[in-house]
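Novice: Here's the letter readout for the chains.
2 protein chains.
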Amino acid sequence: MTFNYGTVDQAFLDELCKITSEDRVSTSSALCEQHGTDESYHRSQAPDVVVFTLSTKEVSDVVKLCAAHNVPVIPYGTGTSLEGHVAALHGGVCIDVSQMTKIVEVRPEDLDVTVEAGVTRKTLNEYLRDTGLFFPIDPGADASLGGMTATRASGTNAVRYGTMRENVLTLTVVTPTGDIVKTASRAKKSAAGYDLTHLYIGAEGTLGIITEVTLRLYGIPEVINSAVCPFPDLESAVNMVISTIQVGIPIARIELLDENQMDAVNKYSKLDYAVSPTLFFEFHGSPNGVEEQIEQVKDIAEEFGGVDFQWAEKQEDRDRLWNARHNAYYAALTMRPGCKGVSSDACVPISRLAEAIIATKKEVDESSLYGTIVGHVGDGNYHTLFVFDPDNPDELAEAKRLNANIVERAIAMDGTCTGEHGIGHGKMKYLEREFGPEGLEIMRTLKKALDPNNIMNPGKIVAL
Amino acid sequence: MTFNYGTVDQAFLDELCKITSEDRVSTSSALCEQHGTDESYHRSQAPDVVVFTLSTKEVSDVVKLCAAHNVPVIPYGTGTSLEGHVAALHGGVCIDVSQMTKIVEVRPEDLDVTVEAGVTRKTLNEYLRDTGLFFPIDPGADASLGGMTATRASGTNAVRYGTMRENVLTLTVVTPTGDIVKTASRAKKSAAGYDLTHLYIGAEGTLGIITEVTLRLYGIPEVINSAVCPFPDLESAVNMVISTIQVGIPIARIELLDENQMDAVNKYSKLDYAVSPTLFFEFHGSPNGVEEQIEQVKDIAEEFGGVDFQWAEKQEDRDRLWNARHNAYYAALTMRPGCKGVSSDACVPISRLAEAIIATKKEVDESSLYGTIVGHVGDGNYHTLFVFDPDNPDELAEAKRLNANIVERAIAMDGTCTGEHGIGHGKMKYLEREFGPEGLEIMRTLKKALDPNNIMNPGKIVAL
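Taken in order, these protein sequences are the chains called E and L. Just so you know, the numbering used here puts 36 at position 36 of the first sequence, and the rest follows in order with no gaps. Just so you know, the numbering used here puts 18 at position 18 of the second sequence, and the rest follows in order with no gaps.
If we strip away everything but chain E, and leave its shape as in the complex, we get:
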């Protein structure tokens, strides 16, 4: 289907300024260009205008204006996604919520918090510091919580705490007609009708814009202990992870970095870890609980040749360790200055993880392209970062070929093409492969029903 979108002319811009204010509406080409791109290799596609909203009401009014003129709407948080989610494929209005940074209410007695969509994960945790509570979901970037919800993000803590899917209680969403909807109550569980909250988590702004998020919080554990341990080879490291998960140890983080990634991390973060396949661990709990977990994990690691544990118990030491891990993507990119990255994001059932990673590693080693492997392996999720020269089309083609193989392998193992990055427009072709024509048709039906004019982030997830 083709859609005849309206144009963003001066009269339209005047209306936008009336809803917000002149200094929050910009058509500057640099700003628009920047808002049309994310942290990936996908080329920028600039919106016609960027508007910085300050409230749910303003978002609603902007969307109503866009709906009346049939103008596309692209939500924008921090622009840190990786599949072209923010590219304005058909122009239109980019609604930047990064100034919606109110922490609406912290409710320690209910272990939850309501924030505006522009609050980032680090800002929230800084704000919470004195309450003894924290929010665990941590993608590499300091992303906005609205964007993290929209892409169903996760990170290193997901193995224990789940992803955004498990940690959003309720949302405020502006629909494609500008209606404001609350998707659920704050009750911890509910059987009341269709699950509107999960309808919008991971919908990438294609069904509406998230303006407020209510999240579960957790008590900061009494004891936190982190460690790094090198392994003789990749297979041993992965098999150690599989055993840990299968035994049911409630580990908080268990992350894999291959030798290339360790080399990059050492250089980027000025560290001197061994350059071999390595696991990063974190344990949360009571003093006894953590001690028990550590004993069990050390026993399993030893079976697989992992004996040289380096421990970090003090907060600053742990922060250094995990900052290095979170910066893995940026570290890999700086190994070839001026280059860009393609990050795969396969996630497979844990029993197939060794097979998936070993096959991937073999292909990376055989390729002329530089690549690293890093993964949230406790969940069966791993990334291969291919670093390519944007001026060399052969390199991008090679990265895409390898990425396609990774996806095919994951789907053949009853896994998914994306564990946490989302579909954007970069992975649309894999969605039918994963869900079959019947599954894709249901997604298309949902999109058509809820956004019949295809104005919400058009060209992402499903084509109409």
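It is worth saying that the hints were derived from the structure and are not from the lab. Worth double-checking, as some hints may not be accurate.
Treat identical chains as interchangeable: a pair holds within one or across any two.
DSSO-like cross-link-like pairs, simulated, lysine-lysine; straight-line CA separation at most 30 Å [said to hold, decoys possible]: (1) K448 with K182; (2) K267 with K122; (3) K182 with K400; (4) K448 with K57; (5) K57 with K400; (6) K64 with K448; (7) K448 with K429; (8) K270 with K122; (9) K102 with K64; (10) K429 with K400; (11) K182 with K64; (12) K429 with K182; (13) K57 with K429; (14) K122 with K102; (15) K270 with K314; (16) K270 with K362; (17) K18 with K57; (18) K340 with K102.
Because the structure is a prediction, the values reported are computed rather than measured.
Assemble chain L onto chain E, guided by the hints.
Specialist: Quick look at chain L alone, frame taken from chain E:
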């Protein structure tokens, strides 16, 4: 809107028999009557025919036949729901999946299992016994796992393990056109497109029929310890629960029964617990972990006057304790032989739980009707069971009045009208109250888009 449904005539029945077999198609009025009713007070509305399917393919073929003739389809598992979910409001075909009892595959190495929709929770756990794994979700009834998914059920273990919402990995669903859809891969997490799995969890068969369910499993804890402890009054018992949750103790079960319910349980299960507000506890973990939890819980309980803990460590003792708890609904019903029950199902943020329960208790005490309170209080979810004489319309009216007050109070506290029973046709009027007209309109849009002829369990959740 009105829908002109097709009639179930002899030619249609012949087609049904061809798809299945003659002995699995029944129009017996007793059988149809029984399939039109659940365990609640809602009156039976019999389907025209009941068909017992044996496979996803058969379900698909039956649905295709119904779609071709515009005949309503009502899925049926064990008939243990509580809001008239299985009532054939517009006649039609009841698809009974209770003979679809294959355990398709247990995958201990992935901690998951795939079952056909008719497998019940107890059957699954018996089957799993030798694997060292279990499935924790446990509504009172021994319900089918397809039905539990369709109603987003939970039970006593939800405080630690979550509800069906958190424990279904993927589903096989037959859509209103008879298509067979797999809603997700088996990957532990995914950011691939719209969340089809959560679209069908809790949809009560109104968007399609669930024929297979893949569930997360958990290792049977090394140590399990249960206890019962009476409290001086209801408020103390509830406040004890609130403190336990707020401190973050990873308790597996924490259940409240008021003095009326304890009296009923004692009589029904031939026990001699104290007839006062009582908490039932269960602790899961390592020896040290359970010991830590117990120490903390005993300290908190003592603050609120709960000191007389009765422990049950042996499996048979624990089973006796939890069977008594699971039979609470039946126990209350037998306090007035020949009577029926109305069960409220409010769920509120934990900080409001004491207020909600105390206000409810006051109303029960002031009413002429016999009622008990029992709750999954760790989640903020509690039931009031009103036992009424079905021949006395005043009593049903009184039960409905009290139930309406409970719902209004829960919604005013940012809670929900149903924590785990679902909407069926019994709670439809509360759905708009809870979600507002905008939220309800989205639900209606989903239903219209996915089932435009309104053949799937029509008249439940939303009216078209």
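Novice: Of the hints given before, which are not true for this structure?
Specialist: Result: hints 5, 18 break, sorted rising.
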